[in-house]
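Residue numbers (full-length UniProt numbering), protein chains in the order written: chain F, 1 to 289; chain S, 1 to 289; chain D, 1 to 289; chain Z, 1 to 289; chain A, 1 to 289; chain V, 1 to 289.
Keep in mind that the hints are not guaranteed to be accurate.
Since the list gives no way to pick one copy over another, a pair counts as held whenever it fits inside one copy or between any two copies.
Computed list of lysine-lysine pairs in BS3-like fashion (alpha-carbon distance at most 30 Å, straight line) [to be verified]: (1) 210 with 252; (2) 161 with 210; (3) 210 with 231; (4) 133 with 252; (5) 252 with 231; (6) 161 with 231.
These are computed hints drawn from the structure, not numbers from a lab.
There are 6 protein chains.
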Amino acid sequence: MSDTAQYLIRQEPFYQPLHEEVALYQAAWDERLPVMIKGPTGCGKSRFVEYMAWRLGRPLITVACNEDMTASDLVGRYLLDAGGTRWLDGPLTTAARIGAICYLDEIVEARQDTTVVIHPLTDHRRVLPLDKKGELLEAHADFQLVISYNPGYQSLMKDLKQSTKQRFTALHFDYADADTEAGIIATETGTDPALAQRLVQMAGAARNLKGHGLDEGISTRLLVYAARLLKRGVAPRAACRMALVDPITDDKDIRSTLYHAIDALFEVQSDARPVARSGDPSSVPSQAG
Amino acid sequence: MSDTAQYLIRQEPFYQPLHEEVALYQAAWDERLPVMIKGPTGCGKSRFVEYMAWRLGRPLITVACNEDMTASDLVGRYLLDAGGTRWLDGPLTTAARIGAICYLDEIVEARQDTTVVIHPLTDHRRVLPLDKKGELLEAHADFQLVISYNPGYQSLMKDLKQSTKQRFTALHFDYADADTEAGIIATETGTDPALAQRLVQMAGAARNLKGHGLDEGISTRLLVYAARLLKRGVAPRAACRMALVDPITDDKDIRSTLYHAIDALFEVQSDARPVARSGDPSSVPSQAG
Amino acid sequence: MSDTAQYLIRQEPFYQPLHEEVALYQAAWDERLPVMIKGPTGCGKSRFVEYMAWRLGRPLITVACNEDMTASDLVGRYLLDAGGTRWLDGPLTTAARIGAICYLDEIVEARQDTTVVIHPLTDHRRVLPLDKKGELLEAHADFQLVISYNPGYQSLMKDLKQSTKQRFTALHFDYADADTEAGIIATETGTDPALAQRLVQMAGAARNLKGHGLDEGISTRLLVYAARLLKRGVAPRAACRMALVDPITDDKDIRSTLYHAIDALFEVQSDARPVARSGDPSSVPSQAG
Amino acid sequence: MSDTAQYLIRQEPFYQPLHEEVALYQAAWDERLPVMIKGPTGCGKSRFVEYMAWRLGRPLITVACNEDMTASDLVGRYLLDAGGTRWLDGPLTTAARIGAICYLDEIVEARQDTTVVIHPLTDHRRVLPLDKKGELLEAHADFQLVISYNPGYQSLMKDLKQSTKQRFTALHFDYADADTEAGIIATETGTDPALAQRLVQMAGAARNLKGHGLDEGISTRLLVYAARLLKRGVAPRAACRMALVDPITDDKDIRSTLYHAIDALFEVQSDARPVARSGDPSSVPSQAG
Amino acid sequence: MSDTAQYLIRQEPFYQPLHEEVALYQAAWDERLPVMIKGPTGCGKSRFVEYMAWRLGRPLITVACNEDMTASDLVGRYLLDAGGTRWLDGPLTTAARIGAICYLDEIVEARQDTTVVIHPLTDHRRVLPLDKKGELLEAHADFQLVISYNPGYQSLMKDLKQSTKQRFTALHFDYADADTEAGIIATETGTDPALAQRLVQMAGAARNLKGHGLDEGISTRLLVYAARLLKRGVAPRAACRMALVDPITDDKDIRSTLYHAIDALFEVQSDARPVARSGDPSSVPSQAG
Amino acid sequence: MSDTAQYLIRQEPFYQPLHEEVALYQAAWDERLPVMIKGPTGCGKSRFVEYMAWRLGRPLITVACNEDMTASDLVGRYLLDAGGTRWLDGPLTTAARIGAICYLDEIVEARQDTTVVIHPLTDHRRVLPLDKKGELLEAHADFQLVISYNPGYQSLMKDLKQSTKQRFTALHFDYADADTEAGIIATETGTDPALAQRLVQMAGAARNLKGHGLDEGISTRLLVYAARLLKRGVAPRAACRMALVDPITDDKDIRSTLYHAIDALFEVQSDARPVARSGDPSSVPSQAG
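Next comes chain F alone, as it looks inside the complex (with noise of 0.2 Å):
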């Protein structure tokens, strides 16, 4: 069931090395440090990390984190079988027990109280006791543990302890310039260069705003799916709104204005139908449900 052929990754994750990061990451792995990986919604910091993992080789287990999740869902925890309890390894011992990548996606979810069991794994020790079962597991020399972080969601409530953070080396990502940006996303869905820079230049925009009526700028992620939107024939003004501008907000104010930038930047026809009252193609009079 642990079986470390389903987490290794067959195909190289289409991934565009922009800085020294690839050797960063590398000399932590040489030393099985644990990495954070900070950075916004949809950067590719979990593309990196499913990058890293392929080139290294190594299997890679991830989890996402929440608020929900205990020690035992990492860890694990005994079952009910035929004839009694059994033990199964949560990912977290898994990871360890086989040597793989641990990767603890957007771990300020998990209750900080849940982070504490990674401790032992990222100090000298390098094991990690299982409790329930009297077992204190070394880890596998392979294993390494990361964690990915988005600085933006900080708050008072949801932060990493000190002695969590301290026990990690960091790499910061952020989105990439406008012409790599925008060679990624032709890359990636075979749009035309041209309109690429076009979504790149309507993430800008959006992107000034943020702290400004908008929580995040618009993700590399979601200027992917306008471009396929784009690639299955949706008119740009349509995919613009649908996969750039309506994902993000409900503000009238702001969509209004992320609307005018679309139209400048598409230089759309003036319409049939008033933008004030029913133009937005993607809005959809009721009917009962």
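Mind docking chains S, D, Z, A and V on chain F? Use the hints.
Same frame as chain F, now just chains S, D, Z, A and V:
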């Protein structure tokens, strides 16, 4: 048990396309992009998803989200059986296995943390880690995720995280324009079109009070209810009170305002009982129960 | 176990129709529209539903809602049996299967999130997804959902969501007018009509204090209690204190006010014990217990 | 297991009727009306219920309510047995089956929501739906529900809902007048009546401080404790401190005030040890423990 | 398993009676009155109870109360066994069955609601209803209930309810006077009496800071710790810092004040290392761990 | 399973005694006094305990405390087995049985109430009541309890109770002085001593910002991380950013300040990329993930 057939929509649901929503959804489906349907209560979001599932010939698995819903409710759990524990897929897992459209209705009701489990299904990996089972499920090629979302409920406490939002394309729904809505009511219930028009006028009056004493306007669904009561011989005034006003407010002033709007619309003759005391036909004096 | 017979009302409950409520409910039933019964404590809401179930010859399944109630309490759960787990339908599921009227009493007490499970039963689908059983139950043609709701309890914390409200038609109940209420009491308890009138007068005095020191007025149910104590030979003054005043308030001033109202109504002769100290016949000095 | 005999009161409890409370309870019992006993801590509420159960020859099932108490604790639950699950009636269900008086002591401690399960037993239906068992239990003809309630604890957070209160008749209890209370103490403990009088005087002093530094006055129960210590040869001053003052307050000023009241009442001779430092005979200096 | 012998105190615990506490407890025991022992941390409350249990030759069952403690933890629960479920008495039930003294240590830590289960054991009934087992246990004639309580912890959130307090007699404990306390330390640890005197002086200095930067003074227990370190050859200054100051405060100013008090008491010669930087012998510079 | 051997430290951990801490711990051990180790994150508290366990030749059982940890997690629980339930000792019970040093790491993370279970092990009784098992375990003569505690985390919500604190002797740890710390780093990682000195200087700069924008200074552990990255060929500037700055802060100004401190210390040549935009070698632009 997870029989695909039972999730297929056997009859075409009544749905009248209004703008480009069908084409836009079709493009998102072609790319298997996740879709978020936004809009007020009872405007036809669920009906639209059902219609699209029917149109695409795909099974539809609907989950009414709520705060008690745990990740296990979506993903699955072990049940105790005669021969020990047995795994039971949750609705999300079933949908990912059989290639259904999984529709998470009123996603904001779910705890933000439960929502996290959908993340790996919404990025390029399209996988669902069944941690408790030790299985990494790759979604069926036809699996698609759809969520609905009522922006009117959005509060500081209940909102989707940006890291969730930025995994979806979005379609904004709203009530139909008056003629269309009246047409929908007439078609769906067989009511006289003129009467349907007056019901829609009544809804318009109430929708203007949204934010001024009413949390939400009168939905298309309630208009259909009123029409169905009329069809059963209930007088217009009583039907409107029972279906349109009394369900949505307990505020005496608002009720009075809306009752007058009903009276004006349906030109009610003076009644034997004075309105102020007991003229409300849907108001019933008490007896011990 | 889910035997239809046990849910049938065998004898006609005493219920005196007052306005059009029977006809209006009948129309909602004919259309199988969900019904919400609003009104203050003890005004006959539950009695009315029971009467309608009797009149329609349908089984009635009543659930007293409370905040601890989980979706499983409504829908069902697995029980461990000699041969493994066995599914047990909850009351809502039973009602949907056998075509009963399912009456959710005091729905606002339920957690808003538990309420969500009724949604698919209240729109055109009329289905109940039993996620844990992997079954999509289509409701019996005679299934109907009825909820009760006391607007006086409505608070910021406890109110139905608009998306729930807008799935119901509504009937407003209130206390009966004085003559009717006295008639109900006399008929139900065999009390002298003149005495019943005076009890209703007493209730009127207390209902005027609602919002001025009393959370609720005296219900018809308590008037029936007083009448039954009178029938057992308890003096009017003691019966009124014990049944009408002492249950509803601990406030000394309010109690004093209401005691005086009782004295005035029943022309009590001066008592051997002074009222201020120990004249309260329902006040009992202590001894160690 | 639910053996009626074990719940019968075998010996007449000592209870001295003071006003009409026995007759009033009898009338409520004749009508099987639910009864609420109100009054301060330790004034004899539980003793009275026990006395009435003895007098009526009915079994008495007492439940000490608490916030952790779930509906299942009252109603019953499934237990796992050799042959699978077995239903175990809770105390409320047992009482309803065997026709006992069910006494819910300190009902306000229970969560408001747990209290809801008693509702169907308190209206004309007199039924208890055992949802988890799929049984609708009709109460035995002799079943009666009694609750106790200390108005002094009433707070915004902990109060009975009106919809619960309005299902009960109520009897107000208070401490007995001085002579009666002294008589009770003398009868119950065999103390010298003059000494009992002085204990009651002491209680009077403390009861005047209620709301002025004391949450509650000294109960009759504590007076009985003091008398029992006196009977064992403890000096009056030490007995009063140990039984009357030290249990009810930690406030130095209040204790000092009450100590002086004791000294005054029992004309204590000057003591070898000064009161301010270590003259308190119930105050014990420390040693490592 | 509930073997009486294991709960007997085999050796006389060292306890030096100081006032009348032994006689007062004896009188309460003779009457089987419940006893509440009040006093600050580490002043000998538990030791006293142990001593009395030894003296009376009764088994002693101690429960360290905590907020997670449920009524089941006190009363008992069903365990699953080879042949089905088996009831296991909790410590309170065991004590009531075998006639032990049941000592609930730090009762205020328990949830107020858990405390309710002791009520029927503390009034004239002396019963413990085992609701889940359907048994009404009558307490053994020698059963007695004792609770401890630190008034210094009393807060709005954590205090005993009056209805609980008024079921107990109470004994106030405090630190012993200086000579007695020094004698206790010397006797218990074999320390030189003069040194013991100086430790007690140090405690006096700290106890004066209670409420002025310290939550609690230095307990007799910590003085015993210091004496035991001295016995092992630790220098007075280091022993006092390690046992008396560093455990009770993290505040730099308070620590500095108390360090000076130590220096003054033990006439410390000037040290090679300056106090301000690293002169603290119990302060250890870091290295990676 | 609770095999003593697996808890023995087989190799001497690297630990450089700095003051008297080894002698002081030894004295506490000789008396089996409980020890509390206080100090900031990553200063060597856990390493010291491991070293002492090795030195004393005792098994060491470490528990990383967290808020989800229940008393059962420490003490033990029943597991369901083929032949019924089976008791499994928790780590605290195992340690008390086999005579291990039980090290509760970051005790303040545990719920105050869970901490209560250690009380009977820390007074003269040295027992652990296994209430659920009905066993009163007497601790092995070599059992000792050690807890760690970071005063910097102390808050109103999370602090040890005085009744817990006053059961421990305490040792204060802090970062080593500069030369010692550089020596530790050089010895542990084989880094050039001059480079180690500069890393320590960098830490000094950051530690001065504690309380002025930083919650904690840079720990010795992070300095070791930086040295290990340097050893792998990472440039000093990148290594310091990745290991010392980026893990501990998300604040742009603080990061900028610390980056300048790095630049100053390592005399970085002007870079091709401007620092303000993308000169951060550990900052990676995004791509869709």
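(request) Give me the numbers of the hints this structure contradicts, sorted from smallest to largest. (result) 4
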